[in-house]
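S.K.: Here is what each chain is made of, one letter per residue.
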Amino acid sequence: MRYPRNAWYVASWEQDLEPEVPFGITILGEPIVLYRSAAGRVVAMEDRCVHRLAPLSRGRCEGERLRCMYHGLLYDPDGAVVEIPGQDTIPPQAKVRTYQALVRHSWIWVWMGDAAKADPALVPPAVGFDDPDYILGKGQLDYAAEARLINDNLLDFSHLSFVHANSFGASESWARNRPKVIPIERGVRVEQWIVGERSMRADAPADRWSTYDFLIPGVLLMTGGSFPVGTAASLDFGRPDLSKAMHGVTFTSQAVTPMREKTARYFFSWGPRRDMGDEKQRDLLMGIAAQAFAEDKAIIEAQQHIIDATPHPRIMPTSADKGVTLFNRLVERLVREEAAAGTPAMPDKIAGENAVS
Amino acid sequence: MRYPRNAWYVASWEQDLEPEVPFGITILGEPIVLYRSAAGRVVAMEDRCVHRLAPLSRGRCEGERLRCMYHGLLYDPDGAVVEIPGQDTIPPQAKVRTYQALVRHSWIWVWMGDAAKADPALVPPAVGFDDPDYILGKGQLDYAAEARLINDNLLDFSHLSFVHANSFGASESWARNRPKVIPIERGVRVEQWIVGERSMRADAPADRWSTYDFLIPGVLLMTGGSFPVGTAASLDFGRPDLSKAMHGVTFTSQAVTPMREKTARYFFSWGPRRDMGDEKQRDLLMGIAAQAFAEDKAIIEAQQHIIDATPHPRIMPTSADKGVTLFNRLVERLVREEAAAGTPAMPDKIAGENAVS
Amino acid sequence: MRYPRNAWYVASWEQDLEPEVPFGITILGEPIVLYRSAAGRVVAMEDRCVHRLAPLSRGRCEGERLRCMYHGLLYDPDGAVVEIPGQDTIPPQAKVRTYQALVRHSWIWVWMGDAAKADPALVPPAVGFDDPDYILGKGQLDYAAEARLINDNLLDFSHLSFVHANSFGASESWARNRPKVIPIERGVRVEQWIVGERSMRADAPADRWSTYDFLIPGVLLMTGGSFPVGTAASLDFGRPDLSKAMHGVTFTSQAVTPMREKTARYFFSWGPRRDMGDEKQRDLLMGIAAQAFAEDKAIIEAQQHIIDATPHPRIMPTSADKGVTLFNRLVERLVREEAAAGTPAMPDKIAGENAVS
Numbered sequence: 001m002r003y004p005r006n007a008w009y010v011a012s013w014e015q016d017l018e019p020e021v022p023f024g025i026t027i028l029g030e031p032i033v034l035y036r037s038a039a040g041r042v043v044a045m046e047d048r049c050v051h052r053l054a055p056l057s058r059g060r061c062e063g064e065r066l067r068c069m070y071h072g073l074l075y076d077p078d079g080a081v082v083e084i085p086g087q088d089t090i091p092p093q094a095k096v097r098t099y100q101a102l103v104r105h106s107w108i109w110v111w112m113g114d115a116a117k118a119d120p121a122l123v124p125p126a127v128g129f130d131d132p133d134y135i136l137g138k139g140q141l142d143y144a145a146e147a148r149l150i151n152d153n154l155l156d157f158s159h160l161s162f163v164h165a166n167s168f169g170a171s172e173s174w175a176r177n178r179p180k181v182i183p184i185e186r187g188v189r190v191e192q193w194i195v196g197e198r199s200m201r202a203d204a205p206a207d208r209w210s211t212y213d214f215l216i217p218g219v220l221l222m223t224g225g226s227f228p229v230g231t232a233a234s235l236d237f238g239r240p241d242l243s244k245a246m247h248g249v250t251f252t253s254q255a256v257t258p259m260r261e262k263t264a265r266y267f268f269s270w271g272p273r274r275d276m277g278d279e280k281q282r283d284l285l286m287g288i289a290a291q292a293f294a295e296d297k298a299i300i301e302a303q304q305h306i307i308d309a310t311p312h313p314r315i316m317p318t319s320a321d322k323g324v325t326l327f328n329r330l331v332e333r334l335v336r337e338e339a340a341a342g343t344p345a346m347p348d349k350i351a352g353e354n355a356v357s
Numbered sequence: 001m002r003y004p005r006n007a008w009y010v011a012s013w014e015q016d017l018e019p020e021v022p023f024g025i026t027i028l029g030e031p032i033v034l035y036r037s038a039a040g041r042v043v044a045m046e047d048r049c050v051h052r053l054a055p056l057s058r059g060r061c062e063g064e065r066l067r068c069m070y071h072g073l074l075y076d077p078d079g080a081v082v083e084i085p086g087q088d089t090i091p092p093q094a095k096v097r098t099y100q101a102l103v104r105h106s107w108i109w110v111w112m113g114d115a116a117k118a119d120p121a122l123v124p125p126a127v128g129f130d131d132p133d134y135i136l137g138k139g140q141l142d143y144a145a146e147a148r149l150i151n152d153n154l155l156d157f158s159h160l161s162f163v164h165a166n167s168f169g170a171s172e173s174w175a176r177n178r179p180k181v182i183p184i185e186r187g188v189r190v191e192q193w194i195v196g197e198r199s200m201r202a203d204a205p206a207d208r209w210s211t212y213d214f215l216i217p218g219v220l221l222m223t224g225g226s227f228p229v230g231t232a233a234s235l236d237f238g239r240p241d242l243s244k245a246m247h248g249v250t251f252t253s254q255a256v257t258p259m260r261e262k263t264a265r266y267f268f269s270w271g272p273r274r275d276m277g278d279e280k281q282r283d284l285l286m287g288i289a290a291q292a293f294a295e296d297k298a299i300i301e302a303q304q305h306i307i308d309a310t311p312h313p314r315i316m317p318t319s320a321d322k323g324v325t326l327f328n329r330l331v332e333r334l335v336r337e338e339a340a341a342g343t344p345a346m347p348d349k350i351a352g353e354n355a356v357s
Numbered sequence: 001m002r003y004p005r006n007a008w009y010v011a012s013w014e015q016d017l018e019p020e021v022p023f024g025i026t027i028l029g030e031p032i033v034l035y036r037s038a039a040g041r042v043v044a045m046e047d048r049c050v051h052r053l054a055p056l057s058r059g060r061c062e063g064e065r066l067r068c069m070y071h072g073l074l075y076d077p078d079g080a081v082v083e084i085p086g087q088d089t090i091p092p093q094a095k096v097r098t099y100q101a102l103v104r105h106s107w108i109w110v111w112m113g114d115a116a117k118a119d120p121a122l123v124p125p126a127v128g129f130d131d132p133d134y135i136l137g138k139g140q141l142d143y144a145a146e147a148r149l150i151n152d153n154l155l156d157f158s159h160l161s162f163v164h165a166n167s168f169g170a171s172e173s174w175a176r177n178r179p180k181v182i183p184i185e186r187g188v189r190v191e192q193w194i195v196g197e198r199s200m201r202a203d204a205p206a207d208r209w210s211t212y213d214f215l216i217p218g219v220l221l222m223t224g225g226s227f228p229v230g231t232a233a234s235l236d237f238g239r240p241d242l243s244k245a246m247h248g249v250t251f252t253s254q255a256v257t258p259m260r261e262k263t264a265r266y267f268f269s270w271g272p273r274r275d276m277g278d279e280k281q282r283d284l285l286m287g288i289a290a291q292a293f294a295e296d297k298a299i300i301e302a303q304q305h306i307i308d309a310t311p312h313p314r315i316m317p318t319s320a321d322k323g324v325t326l327f328n329r330l331v332e333r334l335v336r337e338e339a340a341a342g343t344p345a346m347p348d349k350i351a352g353e354n355a356v357s
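Chains as they are written, first to last, in this note's numbering: chain D, 1 to 357; chain C, 1 to 357; chain V, 1 to 357.
Chain D on its own, in the form it takes in the complex (with noise of 0.2 angstroms):
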């Protein structure tokens, strides 16, 4: 798994994050345990005892601490064990890896490098249930995949007319077309105007403008809007005003977030802006998106199964790659840079008297 350690991921929708419930997730390869405290901290910490690594994900919340539900052992916040129950001193070593963690845009973060380099501003600017301007419904979705193959499919969308032929009712524009890609602070932009054509069941034809920003870790915000044919060609393909849409501007907000070395989790909110929808369109949109979502994943876990039984798999990138390439050449180059700035990955195990096995 070569994915980049100083970044934000997504662990969890806050929704889902109950007062003092733990809640495990891996990420990376790394189990996890996240708890909101009785005082509304979320901690996010190694799910993993030191004692006989029972996972303190089934645990017991207790004030603002969390306790073992093996043998009892009790969490600081600061992964520190504060109390071995029976027993009078507690070994300086009894500690477990503490995680950044942070609750925002309606999602709780993690960040799974090094914690020094753990800055809020990097968390990207996805648009959660708080934004006032947006009706959003959520989902999520688990992969029997690679996270990368997800990034790779949200960084091409030459695939809608293929994939998503009916779900997006999407035309072979998308794939004939090639979108502007363009390198952005951690990450990509794509926008592209299909010009002309009735989108996603609309009555009439439009131009549709779209643009989405495709960030590290794997992260895509993307918003767009319908404008009356012509309005593509008078603005010589740049940008629209999307204050000024006759209709269909919505907003979504996506994430992969890397599990076991084939498995992810695929987190999604969507909906529509609030002058231009309501909760029924919003609802028509998610219908749309669970029809949709579950075609990437059928294409994708597919693939998956292909790439797993080629002894020598490569690639034939097309023009159509320029995100996916621009993207992973990013990954690659962070994932170099954190190599030679010795990122800690996961601490040295605290060496107990006896090994497990």
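Since the hints were derived computationally from the structure, they do not count as laboratory data.
For clarity, every value in this text was computed on a predicted model and none was experimentally measured.
The reader is advised that the hints may include incorrect statements.
[As the list claims (entries may be wrong)] Have a look at the derived ranges for each label pair, beta carbon to beta carbon:
(1) C:Lys180 to V:Asp308: 50 to 56 angstroms
(2) C:Ala294 to V:Asp88: 29 to 35 angstroms
(3) V:Arg2 to C:Asp78: 55 to 61 angstroms
(4) V:Met1 to D:Asp308: 28 to 34 angstroms
[To be verified] So these bits of chain C aren't anywhere near chain D, every CB distance computed over 12 angstroms:
(5) Thr26
(6) Asp88
(7) Ala144
(8) Arg274
Glycine included, C-beta positions come from ideal geometry on N, C-alpha and C.
Based on these hints, arrange chains C and V on the given structure of chain D.
M.R.: Showing chains C and V alone in chain D's frame:
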């Protein structure tokens, strides 16, 4: 997996390959897509798009061609990419491997080795649904076991007495008698008289003759019939004239196709000769076959489990293994000869700019 | 898997080994077939036919013998093939390994090591259904976890306070008090007073005494009883006379059998002493056990998952681990001694003409 590549492997029932509907199967570990083009041609090619390795078996037939339904690359029946949507030039290496394929005796056969050696005369002479002499039923089973174990089973009918005492009503004579086992071109022939016994729910004792060829790569073709008691002795246990059988003349064609290392697909047809049975008799035989082949599957998959749990598995052949031994030596010889002749298995992967992982 | 081989492992409940019905179980990674012959003898042998490695546990008992139901080889209870249908001579190497086996205390025990050392006196003194003093119920559970993790669990009852707060109604005293842990012959003894508390839905507080032996290879034998508050102190926390208990005297026998690397079978019985309960009380206890042992299975299998996700797992023992540590050291010592003495594990495979693969 040590199997000859220069051989016709059964990939599907002809009836299951619907016009212009791609069909995927893995043979000898290689994912293959089959389709029957608009003009009726049967095409077999590598089930792996050159672009990002999505399976072409999830694609769409377009006349003679097959389109990958991930990003829309279009393939000619010769494996060459002829269209990349939105891209003018197509790299010359944009090509997948193709396989020789043909339809015969109701099966789709795929040649897994050197295309130059793909001689249709090497297709085993199975009996298909187009044969006016037989009234056939068909079935298939997927095994969680190495194909070779199924071949071994089919090459030694001494198991009938124990595995199929109920389904086939086989007596212990099948285990106690030794059939005549004769090496033939690309296989072995197994001939046997079971004398003076009731067979398969027949009313009266008879002398039962059976003969089968077991042919490369793993195809069993068997017939036989029942004669008055005394016939075997009067013929000095030689071949009878099946046209003079009292009753019970049937034909069964069976094929074992290695899919992955420890999975295989087993295809079979069976039925009475038209002058000795009808659809009702055919259905009765298919009911018996369903029971009997489930018995084989149970013991063979259990055998595979034990082999998997055995560090250095060794067998101890018996005198009943003559057919097994002859056939497996033939397989070994063909595999060695192919290795010596440099039969191309999979061609070297087309190198793209990036490896997948 | 580091477990002693010179030990009696529980293979089955006596009641589950029906006369002349072969029964398969894998112990220490070795497939074993058990059967009770027509004369009532319990036979344990390698579950792997010498011919083609089919499992003998799918075979047929014939008097004292067992016939492989693939091609009909017949085995004597000493493991020797005595018949190969249709073949006059039997190679002398046609023999499977046998294991010493016996029935005692309602369990079938199998000796996995050197047969010459298979001393029946080493069978742990469990309480079976033939014991007139107890009214027992029984159960078993299959674990997707290494047997050692279950042993560890049973050797440290501090987990009762956290894992079994509901089922057993265990207070935190189980975690805060340290039991007396005494090395004994082939095991450890764990003794404990829980003072002045209500235990397991009892009405009034009592002093609760419990004592168990945990014996090689992984057998727990526990009894205990409730006494008037003050008894523990009056005995200076020494052993009480269980015949003078007020109520709650029960006995439980439990056995952990390693099957494969990360699977185990857990057998248990429990019930009241006849003078202190009845069938109804026994059924109540079995209901509690079903709940409690499901709690153990959940945390232990979760622990196994975390261990599997940990590159170099290390534990950090606490003062509650005295029993665990003593027992595991004993196991290690026995394993080392056996290695030094050259205890035969599996004998060298009988070499046939052909290897299977």
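S.K.: Are the hints correct? Go through all of them and say.
M.R.: Verification of the hints:
Distance hint check: the CB atoms of lysine 180 (chain C) and aspartate 308 (chain V) are about 55 angstroms apart, consistent with the given range 50 to 56 angstroms. Hint check: alanine 294 (chain C) to aspartate 88 (chain V), Cβ distance near 34 angstroms, so the stated range 29 to 35 angstroms holds. Checked against the hint of 55 to 61 angstroms, the C-beta distance between arginine 2 (chain V) and aspartate 78 (chain C) comes to roughly 58 angstroms, which is consistent with it. Take methionine 1 (chain V) and aspartate 308 (chain D): their Cβ atoms lie about 29 angstroms apart, and the range 28 to 34 angstroms holds.
The beta carbon of threonine 26 (chain C) sits about 7 angstroms from the closest Cβ of chain D, which is not more than 12 angstroms, so the claim that it is off the interface is violated. Not every CB of chain D is more than 12 angstroms from the CB of aspartate 88 (chain C) (nearest about 9 angstroms), against its label as outside the interface. Listed as a non-interface residue, alanine 144 (chain C) keeps its Cβ farther than 12 angstroms from every Cβ of chain D; the least gap is roughly 17 angstroms. No Cβ of chain D approaches the Cβ of arginine 274 (chain C) within 12 angstroms, the least distance being about 43 angstroms, so the stated non-interface status holds.
In summary, the numbered hints that this structure violates are 5, 6.
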